[in-house]
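Student: Here are the chains, one letter per residue:
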Amino acid sequence: MNLLEILSYGFIQRALLAGTLIALLCSVLGVFLVLRRLSLIGDGLAHVTFGSTAIALALKMYSAMSLLVSMPIVLLASIGILKLTEKGRLSGDAAIGLVSALGISAGIILASVGGGYNVDLLSYLFGNILSIRSEEVVIAALLCVGVLLLVTFYYHELFAISFSDELAKVSGVRTSYINAILVLLTALSVVLAMKLVGIMLISSLLIVPAAAALQLARGFKVCIILAALQGCSSVVIGIIISIMSNLPASATIVMVNLLFFTVSCVIRRIIHPKNSN
Amino acid sequence: MSDKIVTTELLSCSYREGRVLEDISFQVERGDYVGIVGPNGSGKSTLVKALLGLVTISKGSASLFGTPLPHFRDWYKVGYLPQSLHLVNPVFPATVHETVGLGLLSLKRFPKRLNRADNDKINTILDELGILDLEHKLIGELSGGQLQRVLLARAIVNDPELLVLDEPTAALDPETRGRFYAMIASINRSRGVTVLLVTHDSGAIGEHASKMLYLDKKILFYGSFDQFCCSHEMSSLFGEHSQHLMCHRH
Numbered sequence: 001m002n003l004l005e006i007l008s009y010g011f012i013q014r015a016l017l018a019g020t021l022i023a024l025l026c027s028v029l030g031v032f033l034v035l036r037r038l039s040l041i042g043d044g045l046a047h048v049t050f051g052s053t054a055i056a057l058a059l060k061m062y063s064a065m066s067l068l069v070s071m072p073i074v075l076l077a078s079i080g081i082l083k084l085t086e087k088g089r090l091s092g093d094a095a096i097g098l099v100s101a102l103g104i105s106a107g108i109i110l111a112s113v114g115g116g117y118n119v120d121l122l123s124y125l126f127g128n129i130l131s132i133r134s135e136e137v138v139i140a141a142l143l144c145v146g147v148l149l150l151v152t153f154y155y156h157e158l159f160a161i162s163f164s165d166e167l168a169k170v171s172g173v174r175t176s177y178i179n180a181i182l183v184l185l186t187a188l189s190v191v192l193a194m195k196l197v198g199i200m201l202i203s204s205l206l207i208v209p210a211a212a213a214l215q216l217a218r219g220f221k222v223c224i225i226l227a228a229l230q231g232c233s234s235v236v237i238g239i240i241i242s243i244m245s246n247l248p249a250s251a252t253i254v255m256v257n258l259l260f261f262t263v264s265c266v267i268r269r270i271i272h273p274k275n276s277n
Numbered sequence: 278m279s280d281k282i283v284t285t286e287l288l289s290c291s292y293r294e295g296r297v298l299e300d301i302s303f304q305v306e307r308g309d310y311v312g313i314v315g316p317n318g319s320g321k322s323t324l325v326k327a328l329l330g331l332v333t334i335s336k337g338s339a340s341l342f343g344t345p346l347p348h349f350r351d352w353y354k355v356g357y358l359p360q361s362l363h364l365v366n367p368v369f370p371a372t373v374h375e376t377v378g379l380g381l382l383s384l385k386r387f388p389k390r391l392n393r394a395d396n397d398k399i400n401t402i403l404d405e406l407g408i409l410d411l412e413h414k415l416i417g418e419l420s421g422g423q424l425q426r427v428l429l430a431r432a433i434v435n436d437p438e439l440l441v442l443d444e445p446t447a448a449l450d451p452e453t454r455g456r457f458y459a460m461i462a463s464i465n466r467s468r469g470v471t472v473l474l475v476t477h478d479s480g481a482i483g484e485h486a487s488k489m490l491y492l493d494k495k496i497l498f499y500g501s502f503d504q505f506c507c508s509h510e511m512s513s514l515f516g517e518h519s520q521h522l523m524c525h526r527h
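Residue numbers (this note's numbering), protein chains in the order written: chain A, 1 to 277; chain B, 278 to 527.
It is worth saying that the hints were derived from the structure and are not from the lab. Think of the CB as a built atom: it goes at the ideal place given N, C-alpha and C, for glycine as much as any other residue. Possibly wrong hints are sitting among the right ones.
Unchecked claim - Sample of chain A residues at the chain B side, in silico, Cβ under 10 Å:
#1 L35
#2 R89
#3 F153
#4 Y155
#5 H156
#6 S162
#7 D165
#8 A168
#9 K169
#10 G172
#11 V173
#12 C223
Could you build the full structure based on these sequences and the hints that come with them?
Tutor: Shown next, in the form of structure tokens:
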């Protein structure tokens, strides 16, 4: 099968379009999360997504309909992480671990009560981008536009809290409000991304493009643009390689992402040998 | 225009370990350069953080520019420079220009955008502090002294009326430290900016500060440096010899 033939299939076009949109969201938000040391929030929320998907499947709500169950639950979980950090005397990683444990254990119990792990639930665990439907592409596009608009409007506030919460507060930035926006946008992106790479690999979409961009970027805006470019390219290249080589798409996308990260580290070593350690 | 820039009344702060500040009452007038000194753990940093709303006040009250702190919204009047080593993530990808630009956010309304005039303002302040050549460098590539100047530029780019500095020279060598204090004194005089500066270095700050606040959970002394040097309380606290050494440079 040649490349043109591959691109002519509707399901591949949908996968490429939705995948690129989701990767764009995740990589842009990932820069703020990595710099705020909230990298693992993607993992935590993904585990909650697993629990919420188990609820949706138990209610016989599939594909786009399952988002109606997952989104509110994951949004609530993200607020829970914030509140535990702010008021529960817990560090961010402990709060993420707590909510993550709740999500995954609820998912396991519900899956067990509902007759074990069926194909639908497993597809959410490992991702199935090639089965994405037109309505899911539309949802991804709408959310992508919404999230990118919010990031554009709040760019300087997000930049400020990533640099220093203290300084942002003294500059009049409402840090709790901006933190809530960041975490809620992440929750929406995680729910969308579960179909792309699956719950097990979602955090790689958030972390790896940002980590690679941090190796090369000279400037905050440049870092976001580099991360977005890498995230989108990894999805396109990963999907094409997976189809041509008959490999699982989710893991191939993540491996391409990791390859980009390695190349970025090598380039940094060549360009800035003194700052590479 | 209020001449009382900072007012506290019986302000107390507590952490889980116990009370850190007790019944702190003092006033800072417009144009003052106040050096806040005291031993380790005396509550110096907690005091300035409480004044900026970064730490919860457990009892008493504080006002900025005559407005009680919970209602204070004019953050564009305030510049803040914390201990830089604690602050900066060495891999943070921001350039010096971008970092200084963050200081202008308090002047902006939603959606906050920097325009050409703002960029000119950033370049002017970098030029004034002698670091315009660092404009495109990443903050992780700077030396301690350079980073300190960049963060000072960020703190004063919005032309604040009050500048709060929390041990800004902790990472600097004595010579750079002296130059830094002199630079703050020049900002205080030429721009009429009121300064609150936390430091361990009571001798060096005495050369420049118009007032000294000696703190050890409570205020032990608040007045001019001359009064500080003649104070019987300070003499009994440090011993006359130490007091003489501390005041010798003045």
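Student: Now look at each hint and say whether the structure bears it out.
Tutor: Consistency of the hints with the structure:
Evaluation of the L35 of chain A hint against chain B yields a held restraint, the C-beta minimum of about 6 Å falling below 10 Å. Taking 10 Å as the C-beta contact cut-off toward chain B, the hint placing R89 of chain A at the interface holds, the least distance being around 9 Å. Among the interface hints, the one on F153 of chain A holds; its C-beta lies about 4 Å from the nearest C-beta in chain B, closer than the 10 Å criterion. Satisfaction of the interface hint for Y155 of chain A is found here, the shortest Cβ-Cβ separation to chain B being roughly 8 Å, below the 10 Å cut-off.
Interface restraint check: H156 of chain A against chain B, minimum CB-CB distance 4 Å, threshold 10 Å, status holds. A distance limit of 10 Å between C-beta atoms decides the matter here; for S162 of chain A the minimum to chain B is near 8 Å, and the interface restraint holds. The interface hint given for D165 of chain A holds, since its Cβ lies 9 Å from the closest Cβ of chain B, which is under the 10 Å cut-off. Because the beta carbon of A168 of chain A sits about 8 Å from the nearest beta carbon in chain B, less than 10 Å, this interface hint is met.
Look at K169 of chain A: its Cβ gets to within about 6 Å of chain B, closer than 10 Å, so that hint holds up. For G172 of chain A, the suggested interface contact is upheld, since its CB lies about 4 Å from the closest CB of chain B, less than 10 Å. The interface hint given for V173 of chain A is met, as the beta carbon of that residue sits about 6 Å from the closest beta carbon of chain B, less than 10 Å. Hint status for C223 of chain A: holds, given a least beta-carbon distance of 4 Å to chain B, under 10 Å.
Hint compliance for this structure: no hint is broken.
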